[in-house]
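Once you have looked at the hints, place chain Y on chain X.
There are 2 protein chains.
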Amino acid sequence: MGVMGVSIQQEVSAIVGRVLESHDITHVVWVAAGGSFGGFHAANYFMERESKAIFSSTFTSNEFVLAPPAYVDEHTLAVICSMRGTKETCEAARTAKELGAATIALYVEQSDLTAVCDQKIAYESIALDESRVERVNSSIALQIAMALVNQLEGYAEYETAMAAFDVVDAVYRKAVAYARPLAHCWAEQMAGEKTIYVMGSGPAYGSAYIFSICNIEEMLQIDSPTINCCEFFHGPFEVLDKSKPVFLLMSVGRCRKADERALAFLERYGGCNVYVLDGKEIGLNDLPDSVSEYFNHILFSPILNNVYMRALSKATSKDYMTRRYMWKVEY
Amino acid sequence: MGVMGVSIQQEVSAIVGRVLESHDITHVVWVAAGGSFGGFHAANYFMERESKAIFSSTFTSNEFVLAPPAYVDEHTLAVICSMRGTKETCEAARTAKELGAATIALYVEQSDLTAVCDQKIAYESIALDESRVERVNSSIALQIAMALVNQLEGYAEYETAMAAFDVVDAVYRKAVAYARPLAHCWAEQMAGEKTIYVMGSGPAYGSAYIFSICNIEEMLQIDSPTINCCEFFHGPFEVLDKSKPVFLLMSVGRCRKADERALAFLERYGGCNVYVLDGKEIGLNDLPDSVSEYFNHILFSPILNNVYMRALSKATSKDYMTRRYMWKVEY
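Going line by line, the protein sequences match chains X and Y. Using the working numbering, count along the first sequence one by one with no gaps and you end on 1268. Using the working numbering, count along the second sequence one by one with no gaps and you end on 1268.
Just chain X, same shape as in the assembly (with noise of 0.2 Å):
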């Protein structure tokens, strides 16, 4: 519960129902950079498997403002992120914003996007230990997402799915503590390693995407590029021998066979730097089966961000917390 004993899912519903009042709302743009982009990733994925009426997408923010999708106008719902305002996604808004559409900001510290959108949601940052997991960006775009279904359409799941979000802040905590160790030896191994694949699928994209750039890449400076597990033997398999490094998201859900399909020849013709975080050890099923689905990147990123990620940047002796050029220097 937060201020005045009102719960996030409820702040989030009454913000969606007071978008519809005043806008016949046919499309959703998720629009940031970074990890606040691959962040709407759970959100968009739970629009395109249960919205039949809505029509949803994600955009980069600089895209977005160069080459704005040509039916953004009244009827899209832009939600849009950052964390303290970065300068193209507040461009981003601007543009959302004078083609007409219903407009949220989810942010931390206020900025020229809390200033430029019709609406706004404070968001607490996933790095911090004492966030709460439902009030990070993903979680609240999730709820976002899931009020707008389940307000013009009916979302079957809907109580179902706000109540694991009063659990699932737990589930994590529990997951870190039993992550912690397995992680510490992972990071071990991997010191060293030049380049780090990160792999996942469906419902667990996104946060294998923020690992690669945002965890590995960004706070630590090593190569990783990210790989979907539908994709991999389309290519990138062609790569893999026993010495390379590969990281695997295993999500619960429909697209797990996909997953299922890429562990198997990761154990045949991979070797020890294969890696498996798999759903069912963070917690996954502790949520109903008929929801657990959406809430793959709401576990995983936190997990990787906060216990993962950590772990290698003491094995690596590379500070997180440094940066060579953000907040630097002119980019």
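FYI, nobody ran anything at the bench for these hints, they're computed from the structure. Model, not experiment: these values are computed from the prediction. Take the hints with a grain of salt, since some may be wrong.
Each pair may be met inside one copy or between any two copies, as identical chains are not told apart.
[Said to hold, decoys possible] Listed below are the simulated DSSO-like cross-link pairs for lysine-lysine, each with C-alpha atoms no more than 30 Å apart in a straight line:
{"hint": "1", "residue 1": "K1024", "residue 2": "K1194"}
{"hint": "2", "residue 1": "K1179", "residue 2": "K989"}
{"hint": "3", "residue 1": "K1265", "residue 2": "K989"}
{"hint": "4", "residue 1": "K989", "residue 2": "K1251"}
{"hint": "5", "residue 1": "K1024", "residue 2": "K1111"}
{"hint": "6", "residue 1": "K1057", "residue 2": "K1217"}
{"hint": "7", "residue 1": "K1057", "residue 2": "K1034"}
{"hint": "8", "residue 1": "K1181", "residue 2": "K1034"}
This is chain Y only, laid out in the frame that chain X set:
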């Protein structure tokens, strides 16, 4: 001109017309795996920028099979591509069909895919020198997208774009001759590198993706992360130093600004392993400005596959026709 003097543009337009006679289309899904999946990027990029009425999205085949989008029904056109009938792509065609979608197969060899789909269009492999550029999969998909928008909503530049397809093969042949010596130098320098980043944005992103996963990873077994130029500044740029190999595609059109921003940073903080291939070098400005943005992929991809990949194959003494897993082991 093909059989009986009918151009591929006319053939595609007629097939789209036939689909629209029997289906009220509101959605289009582009479904394939690997290079064929990446090959749909140009069509989807066009649809997003030019269609107000038709919702367009791409799916890798196996995700489409395992967790198809909720909206797919008789109002969806599914365009499904596989050179020889990739197993999960045939399965995806069956899924689309079962959900009631209109289906068009793009194919080189007849297979289950062509047996399942309502309509079929033969394409020519991008990898063969004798193939005509306007008849490869990405060109035909783009023609489908343009015909669809033109016939349903009107596309003012339709005739201009179709005329551009008439000359694009000649533009490509000139670009091959131009790029060969440059590719030779680049490849000599890259020989021995273990990781090559490929960067691109907007209309060229699909070409960057295919160059990474099909050309560099699959054919040459070199690690190759793909980075969107817009996303570069929100994570991946921290890996950059003067030693890092990067291949940057500079697109023509609205997203060029994003590529120029990346270039400025690469020039300042990267070193002599940064290589730039500019759409301006390979003839994109020989096409009318009103449509050239949509032809980035159409020219970049065959140049990358047939000039740069082959040069790197030669420089690394890795025969690009050899595979260790594909078509050889169970997966």
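Each hint, compared with the structure:
In this assembly of identical chains, the alpha carbons of K1024 and K1194 lie at most 30 Å apart only when taken from different copies (15 Å versus 40 Å within one copy). Neither within a single protomer nor between protomers do K1179 and K989 lie at most 30 Å apart by alpha-carbon distance, with minima of 44 Å and 49 Å respectively. Taking CA atoms no more than 30 Å apart as the test, K1265 paired with K989 passes in neither setting, with 45 Å inside one copy and 41 Å between copies. Neither within a single protomer nor between protomers do K989 and K1251 lie at most 30 Å apart by alpha-carbon distance, with minima of 46 Å and 50 Å respectively.
For the homomeric pair K1024 and K1111, neither the shortest alpha-carbon distance inside one copy (37 Å) nor that between copies (40 Å) is at most 30 Å. Taking the closest pair of Cα atoms, K1057 and K1217 never come within 30 Å of each other, the shortest separation being 34 Å inside a single copy and 42 Å across copies. In this homomeric assembly, K1057 and K1034 come within 30 Å of each other (Cα to Cα) only inside a single copy, at 14 Å, whereas the closest approach across copies is 42 Å. Within a single copy, K1181 and K1034 get their C-alpha atoms no closer than 46 Å, and across copies no closer than 39 Å, so neither meets the 30 Å cut-off.
Violated hints for the displayed structure, listed by number in ascending order: 2, 3, 4, 5, 6 and 8.
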